[in-house]
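Visitor: Based on the hints, put chain B in the right spot on chain A.
First to last, the protein sequences are chains A and B. If you want the working numbering, it's the 1-based position in the first sequence plus 7. If you want the working numbering, it's the 1-based position in the second sequence plus 1343.
Keep in mind that the hints were calculated from the coordinates and are not lab data. It cannot be assumed that every hint is accurate.
Unchecked claim - In silico EDC-like pairs for lysine to aspartate or glutamate, Cα to Cα no more than 20 Å straight-line:
1. B:Lys1405 with B:Asp1450
2. A:Lys866 with A:Asp855
3. B:Lys1500 with A:Asp883
4. B:Lys1499 with A:Asp819
5. A:Lys131 with A:Glu159
6. B:Lys1497 with A:Asp888
7. A:Lys355 with A:Asp319
8. B:Lys1439 with B:Glu1510
9. B:Lys1500 with A:Asp889
10. B:Lys1497 with B:Asp1399
11. A:Lys684 with A:Glu197
12. B:Lys1497 with A:Asp819
13. A:Lys161 with A:Glu136
14. B:Lys1505 with A:Asp863
15. B:Lys1452 with A:Asp822
16. A:Lys833 with B:Asp1399
17. A:Lys671 with A:Asp639
18. A:Lys88 with A:Glu197
19. B:Lys1514 with A:Glu388
20. B:Lys1497 with A:Asp889
21. A:Lys818 with B:Asp1475
22. B:Lys1499 with A:Asp664
23. B:Lys1500 with B:Asp1470
24. B:Lys1500 with A:Asp822
25. B:Lys1499 with A:Asp855
26. B:Lys1452 with B:Glu1395
27. B:Lys1497 with A:Glu197
28. B:Lys1500 with A:Asp855
As the list claims (entries may be wrong) - Beyond 10 Å from chain A on every Cβ pair, some chain B residues (computed):
29. Tyr1367
30. Asp1399
31. Lys1415
32. Lys1436
33. Ile1481
34. Ala1494
35. Pro1496
36. Lys1497
37. Gly1521
38. Gly1552
39. Lys1573
40. Gln1576
It should be emphasised that the depicted structure is a prediction, and the values quoted were computed from it without experimental measurement. Heads up, the beta-carbon is just placed ideally off N, CA and C, and yes, glycines get one too.
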Amino acid sequence: MARGETDLDEEKRSYGALWLVLSLLLFVSGLWAIADDNVFRRPWKKWQAEFNRLEIARLEAAIHKEQERLDGDPAYQAAAKALAEARAQADRGDTARTIDALEHDLEAAKEQDLSKDLNLRFIKSELEELRYRYDEALHQGQPTDALLREIEAKEQVRTERQQAYDESQAHIADLEGRLKQARGAVKAAEDALAKLTTARDDLQQKLENVSLGYYPGPKAEPPFFGWDWQPKIPKIQQVVLEEFDRNNFDEPVARVDRCMTCHAAIDKPGFEDQPNPWKTHPNREVLLGKHPVDKFGCTPCHGGQGPAVNSDREAHGNYYGADGHLENVEFIETPLYRAEKMETNCIKCHANVETLPGAEEIGRGERLFVELGCHGCHLAEGYEDLAKENGVTAIGPSLRRIGAKVDHGWLVRWITNPHVYRPRTRMPNFMFEREQAVQIAAYLLSDTRAASEEWRGAHPAPDLSGGPELAARGKELVESIGCRACHAFAPDEVAGQLGANKDIVPNLAKIAEKTDAQWIYGWIRNPRGYSAIARMPSLRLSDDEARAITAYLTTLGAKQPEPPDLETQLADPKNVAAGEKLVRKYGCFGCHDIPGLEKESRIGAELSSFGNKTREELFFGDRTDVPETWDDWTYNKLLTPRTYATKWIEQVMPQFDLADEDIKALRVFLASRTDAKVPPKYVYHPPGEQQIVNGHRLVARYNCTGCHVIDGRGGDIRRLYQEQPTMAPPILNGEGAKVQASWLFNFVKAPSPIRPWLKLRMPTFGLADEEANTVVRYFDALDHVEVPYVHLELATFSPQSIEAGKLLTSKDYFDCFSCHQRGAQKPQGPPEGWAPDLAMAHVRLNPDWIITWLHDPQKVMPGTKMPSFFPGGPPDVLGGDDEAQIRALRDYVITLGMTPPSAPPAQAAGVTTAGPGASE
Amino acid sequence: MRRNILMPALLAAVTAAAGPAAAYDVVAVTDGGTLSGVVKYAGAPPPPVKIEVSKDPEVCAKDGNQKIDLTKSAVVGPGGGLADTVVVVKATKGKKLDVPAQNPVFDQKGCEFHPHVLAFPAGSTIDVLNSDGILHNIHTFSTTNPATNQAQPKFKKTIQIKVEKPEWPIKVQCDAHGWMHGYWLSMDQPYYAVTGADGAFKIDDIPAGDYEVEVWNGVLGKKTEKISIKPKQETKVVWELSPG
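Chain A with its partners taken away, still in its complex shape (with noise of 0.2 Å):
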């Protein structure tokens, strides 16, 4: 019994405090779930609802504005009062009283069309009964005559209901249609008025939808006690990438995007002016444009957190700091791309961001990379090939007769701190002690030492009798021919630049310094011949202009004294095996082909991932003052290769000495270089993008741009023709379109003078064969011209457009042969005025581009001696249609050297009636 008097304890005991206590937690936890659902970590209702406020009011004052217009507007002002008028009249008088009959009787009428409809259906009913009984009948062989009857009977009342149906719709057509008319004034005004008004509606449509009306409801007529238009309630706005990334187990997984839940005005123009989240995309129209949000969504390119929405820090994945500092929210692998680093992830879609537009940053440490010569030390995915030329190694020149070309205290002066002798050479400094330079010296020129003797042998130093005239006709070949092309030739004068603070081709102010006359002889002449690998072309010199510019180049500088002990530290065999390990432990075969080394692998980190890295994989040794992010890491390496070494761990990299701007667009290229793939079918690669990747790096490599302007780039020597742009070498934009690809191949092979005017010489660079191709390819990606190969035959061109074009070209037309060559025919005048030669047209130039051409030279080639000849052709040539003149001349001068040039041109009478060219 205890038990059940406890029972009944247990029963009487109050738990009225306790519930109280949990009622009123659950109210507080319930209310606050409410608060941090809605407010604390919904930042972006904030964000947005602004964003609306901001949308609201950009659409009003735009209607207000619309509005001031339409209220100026005479038009609009006689449609509103059109419609006042007919409005007024359909409300009073005559018309307002037909109205109402007509609304009246129209009632009335439709109230009796209901039951004559429903008549008309019941019988119709009927009659159908009636014959399934009639056919029941006839299949049982019952009597069937009173069934038929029966029916007679109900068609004749279904012909009559059906006659008085027809009867009332007919009616109600013929009242409507006079209400129609009695109303037709106000509705045509109102029509005339609301096509006035499209612009308003369209923005209050526009209004309507980022708002939810007027308060208290979307009906209410503004103003309403003062209320305002109120914002859309906030939502989450996504876009899903489907398959865009990969799992761990490498399953393609979506990727959500909900940055554009604050940045709401991302993809809407009119917010350029905002400060962010609101602001509009910057040039928008185009990158946008190009990568639509709902296609490429935000994090692909800008990198960050797409489904953070808790935060801005979160979802950004990084923030400036107090002090300006960019900090990292810790345990995000992805921080957002910003400033320059924008455009990292370009490279990962579009293989050619060296020309790309918006791509700047990338694109310059794209080629810094590469020309800098890091791939030579370090493994970069995409790029393991470019150091080696046939299998030698290329970046820097080859050492392999090295003996033969420098100055033994030079070579030493200069592995200690190449930028002593060259503040601005590509050649980086390894921060040597002397007696390391004479190690690697002594190495180097003993391991030559047979091959530069022989080449030295082989090539006797020139004859330099003419003093310092011969030195002074050397000066001027120097200036005339294309050498400032590429070298300057006084310390401060640049001719072409790589990055901020690099020469592309070595200065040549002091070369006297560094090597002598025999040397450059030899080099001058034939610069294959002493290195399979040069870059450096043969400008066909004759031997008396080689001696000239030998004689010239060996003015500029002078040896300087050798300390009397270098010969036999150099001959000492302890420094040659020292140099060796010092040559191996520094990597010089990176950049250097050097005999007996060819086969060794790079020594450098490998970076096809080192963007990945994060900063517990970076050591920052005893630099404790550097932040520790990758950025910070990443750009005090450019800035200092060795500022990580501390008392036991040593570092080789040596000082490149780059510019703040260079060793920012590096570290952009090198936060490209990670793991992530992007899908192909996100990725876009316009025709011809391999080739145009491949030309540019072999136009890089031979530095063609230090000529010629291609691809709207370089052009580097012009700046010495500014006064004379004739005289400077052809601009190549849209070389592909003007020459055939066959001419293009042989002439890049071998070049032969095409501008008898000029006196820079397009030099001979010995190009492959395949290289050849890679130039012809490059120019006909650029102009996207898709069948390389042109063929022509005399007998497509029709012969009366030939002889109009012929006579166009004669003396009392455009007298072209005035400046032009024809084959053998020369001008009159000196060279220097002449024009190319027009009987090579068939074979150099691509019968549609002579078209464009002679419609405006200037704007194809600007600064060229061609003058326009149209508009404006002769009245009295093929009825003086300028375009039938074009095509004429075009297939005069196509077709003028397949056949023997002819006989001073026909004045025939009739090829002035000749019809336009049949040619096409």
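Guide: Coordinates of chain B only, in the frame set by chain A:
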């Protein structure tokens, strides 16, 4: 024959509204002064450098097959006067500059440009004539205005080229005859003159005040002089330009 006489005519024609030129205010000039004088070659001029006429001699070499190389030799008249030299008073206010009613004429005659130096108000349309009747071309090397290169074959007697913006000097060249060489000067204010064959020039209606004057010759270059203009008085000067 010399077209320099056009210049005073042009100046006289300057009356009505001109396009607003930068940093030049149009004011009524009631008692302006006059600047007149002569520009001379300093010292004894070297013998003119000649060039061989090697093309179209039947037209270009009627008066002997040698011409003065105008890129190297200044034209010096009797008494050392420098022809084809431009005098520009750097005025910031004064009378209005108007586009002339009669278009300035630039002729190609005997394979030379006449005049060798043509100055005109910006916005003028130049009538380019081809009196030779052989193929010439007008190639201007302007940078502010669009550069143009138009052929003028035998059948085109006149072409018109409008020069919208102020810019000087604009080199003009014929590529068909490499020696043909001249200058256009498109001015943004009216106080300028081109010297005649004797080196003389005259500029009227200058508001009184102190001015810098630029004296420019295609071969000898530019020199800046200082003058003071008094109301209704003629200031006479003799200026010299020296080579180098």
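Visitor: Determine for every hint whether it applies to the structure shown.
Guide: Hint-by-hint comparison with the structure:
no.: 1; hint: B:Lys1405 with B:Asp1450; in the structure: holds (17 Å)
no.: 2; hint: A:Lys866 with A:Asp855; in the structure: holds (15 Å)
no.: 3; hint: B:Lys1500 with A:Asp883; in the structure: holds (15 Å)
no.: 4; hint: B:Lys1499 with A:Asp819; in the structure: holds (11 Å)
no.: 5; hint: A:Lys131 with A:Glu159; in the structure: holds (13 Å)
no.: 6; hint: B:Lys1497 with A:Asp888; in the structure: holds (18 Å)
no.: 7; hint: A:Lys355 with A:Asp319; in the structure: violated (26 Å)
no.: 8; hint: B:Lys1439 with B:Glu1510; in the structure: holds (18 Å)
no.: 9; hint: B:Lys1500 with A:Asp889; in the structure: holds (18 Å)
no.: 10; hint: B:Lys1497 with B:Asp1399; in the structure: holds (13 Å)
no.: 11; hint: A:Lys684 with A:Glu197; in the structure: violated (59 Å)
no.: 12; hint: B:Lys1497 with A:Asp819; in the structure: holds (6 Å)
no.: 13; hint: A:Lys161 with A:Glu136; in the structure: holds (11 Å)
no.: 14; hint: B:Lys1505 with A:Asp863; in the structure: holds (18 Å)
no.: 15; hint: B:Lys1452 with A:Asp822; in the structure: holds (18 Å)
no.: 16; hint: A:Lys833 with B:Asp1399; in the structure: holds (13 Å)
no.: 17; hint: A:Lys671 with A:Asp639; in the structure: holds (11 Å)
no.: 18; hint: A:Lys88 with A:Glu197; in the structure: holds (11 Å)
no.: 19; hint: B:Lys1514 with A:Glu388; in the structure: violated (53 Å)
no.: 20; hint: B:Lys1497 with A:Asp889; in the structure: holds (17 Å)
no.: 21; hint: A:Lys818 with B:Asp1475; in the structure: holds (13 Å)
no.: 22; hint: B:Lys1499 with A:Asp664; in the structure: violated (61 Å)
no.: 23; hint: B:Lys1500 with B:Asp1470; in the structure: holds (10 Å)
no.: 24; hint: B:Lys1500 with A:Asp822; in the structure: holds (15 Å)
no.: 25; hint: B:Lys1499 with A:Asp855; in the structure: violated (27 Å)
no.: 26; hint: B:Lys1452 with B:Glu1395; in the structure: holds (17 Å)
no.: 27; hint: B:Lys1497 with A:Glu197; in the structure: violated (65 Å)
no.: 28; hint: B:Lys1500 with A:Asp855; in the structure: violated (30 Å)
no.: 29; hint: Tyr1367; in the structure: holds (28 Å)
no.: 30; hint: Asp1399; in the structure: violated (7 Å)
no.: 31; hint: Lys1415; in the structure: holds (14 Å)
no.: 32; hint: Lys1436; in the structure: holds (34 Å)
no.: 33; hint: Ile1481; in the structure: violated (7 Å)
no.: 34; hint: Ala1494; in the structure: violated (4 Å)
no.: 35; hint: Pro1496; in the structure: violated (5 Å)
no.: 36; hint: Lys1497; in the structure: violated (6 Å)
no.: 37; hint: Gly1521; in the structure: violated (5 Å)
no.: 38; hint: Gly1552; in the structure: holds (36 Å)
no.: 39; hint: Lys1573; in the structure: holds (41 Å)
no.: 40; hint: Gln1576; in the structure: holds (41 Å)
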